[in-house]
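Those letters in the sequence shown? Residues 2 to 316, per the working numbering, in order.
Hint data in this document are derived by calculation from the structure and do not stem from the laboratory.
Any given hint could turn out to be false.
In the BS3-like style, the derived pairs of lysine-lysine whose C-alpha atoms are separated by at most 27 Å in a straight line are [stated by the list, open to error]:
#1 Lys-253 <-> Lys-313
#2 Lys-253 <-> Lys-282
#3 Lys-303 <-> Lys-253
#4 Lys-303 <-> Lys-282
#5 Lys-71 <-> Lys-48
#6 Lys-314 <-> Lys-303
#7 Lys-314 <-> Lys-282
#8 Lys-205 <-> Lys-15
#9 Lys-15 <-> Lys-48
#10 Lys-282 <-> Lys-313
#11 Lys-253 <-> Lys-314
#12 Lys-48 <-> Lys-139
#13 Lys-303 <-> Lys-313
Pairwise CB distance ranges (calculated) [to be verified]:
#14 Leu-199 <-> Val-310: 33 to 41 Å
#15 Asn-109 <-> Leu-189: 12 to 20 Å
#16 Leu-204 <-> Glu-166: 41 to 49 Å
#17 Asp-288 <-> Lys-48: 32 to 40 Å
#18 Ala-177 <-> Leu-219: 28 to 36 Å
#19 Leu-204 <-> Thr-231: 54 to 62 Å
#20 Thr-231 <-> Glu-38: 49 to 57 Å
#21 Leu-4 <-> Val-310: 49 to 57 Å
#22 Glu-38 <-> Gly-90: 13 to 21 Å
#23 Leu-269 <-> Leu-199: 29 to 37 Å
#24 Leu-4 <-> Glu-166: 35 to 43 Å
#25 Ile-144 <-> Gly-267: 21 to 29 Å
Using N, Cα and C, we set each Cβ at its ideal position, and we do this for glycine too.
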Amino acid sequence: MHLSGDHLLDDLAKLGEIGAREGSGRTRLVLTPEDFEARRFLITRMKEARMQVRVDQVGNIIGRRGNSTKDDLPVLAFGSHIDTVPSAGTLDGCYGVLAGLEVIRTLNDERAETRHPLELISFSNEEGVRFPMMIGSKVASGIMDLETAYELRDNAGITYRQALEAGGLLEGALVAARRTPGEIGAWLELHIEQGPILESERLKIGVVESIVGLVHMLVTIQGRAGHAGTTPMNARRDPMLAAAQIILEVNKIGRELSRSSVGTVGLLNVQPGAMNVIPGKVEVGIDLRDISGERIDQGMQKVRSAIDVVCKKLG
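Start from the sequences and build out the full structure, keeping to the hints where you can.
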């Protein structure tokens, strides 16, 4: 049985055009016009592959292939997501979804039956740029309840429910998002590495041995704004100095905690944000990850201690 790489590459290219900006990748934040267009593209492709398509209460898209001999057996599911971070590449998430679609098309072409029913799932809001991450999979797995998900807000104060409604995703009879225990027997996700290891070792494929946990922390440092030209250095309470030292501490903790730990500061909000004004407030977004929950806790405690030391030292 042979899968068509040409079909897959064509789908990836066409999906990659949605939300694309010349020279800056593509941006499809969840439940924005670009995301809605990508959803329509995927649903059309699923229906062309003769899948039974449904959208659940949180916007997950599920396509089911009906050619199974034991329809009451647990589902074999595969997929990923099609929302993106800003200025994203073409493969993250989309590769897993569209490769799964090509598997379905190939099975159809071969008129193959499977014992278990097959489902291709595109989970809503995996990236967590606009809303807190992984809402779709959290509700489906029971980690988050539906009403909690609906009340989550983006930076503009729009709730997840309102964003779903704006796209017409809460119209009609909706399928329950929560999957019952045992309903899905196995999950398979094809994914790009998003790192340099396989490439540097000239390996074509790897198998995931562990999944990291992560913690996000948004630190607000309050100082005193002032004119950059007329405020003496010894009279300043500049929160950017504390932010700079905290960034260095996060990097140090990420390097020293363990071989599998990483620490990142990927968000910095400076207010009022002018070159000739000493900042009055700085927000620092910290991302700490490890394969061990215990080490994540240790790392966050080290981060909190470092923040206390830096802020006390600088007053």
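Structure-based check of all given hints:
1. Lys-253 <-> Lys-313: holds, 19 Å
2. Lys-253 <-> Lys-282: holds, 24 Å
3. Lys-303 <-> Lys-253: holds, 10 Å
4. Lys-303 <-> Lys-282: It holds: about 23 Å lies between the C-alpha atoms, which stays within 27 Å.
5. Lys-71 <-> Lys-48: holds, 22 Å
6. Lys-314 <-> Lys-303: holds, 16 Å
7. Lys-314 <-> Lys-282: holds, 17 Å
8. Lys-205 <-> Lys-15: Status holds; Cα separation ~24 Å.
9. Lys-15 <-> Lys-48: holds, 17 Å
10. Lys-282 <-> Lys-313: holds, 16 Å
11. Lys-253 <-> Lys-314: Holds: Lys-253 and Lys-314 sit about 18 Å apart, inside 27 Å.
12. Lys-48 <-> Lys-139: Satisfied, since the Cα-Cα distance of roughly 26 Å is no more than 27 Å.
13. Lys-303 <-> Lys-313: holds, 15 Å
14. Leu-199 <-> Val-310: 33 to 41 Å: Holds - the Cβ-Cβ distance for Leu-199 and Val-310, about 39 Å, lies within 33 to 41 Å.
15. Asn-109 <-> Leu-189: 12 to 20 Å: holds, 18 Å
16. Leu-204 <-> Glu-166: 41 to 49 Å: holds, 45 Å
17. Asp-288 <-> Lys-48: 32 to 40 Å: Cβ of Asp-288 to Cβ of Lys-48: about 38 Å, so the range 32 to 40 Å holds.
18. Ala-177 <-> Leu-219: 28 to 36 Å: For Ala-177 and Leu-219 the Cβ distance comes to about 33 Å; the hint holds.
19. Leu-204 <-> Thr-231: 54 to 62 Å: holds, 59 Å
20. Thr-231 <-> Glu-38: 49 to 57 Å: 51 Å Cβ-Cβ, so the 49 to 57 Å window holds.
21. Leu-4 <-> Val-310: 49 to 57 Å: Given a distance of about 55 Å, which is inside 49 to 57 Å, the answer is holds.
22. Glu-38 <-> Gly-90: 13 to 21 Å: With Cβ atoms ~18 Å apart, the hint holds.
23. Leu-269 <-> Leu-199: 29 to 37 Å: holds, 31 Å
24. Leu-4 <-> Glu-166: 35 to 43 Å: holds, 38 Å
25. Ile-144 <-> Gly-267: 21 to 29 Å: holds, 24 Å
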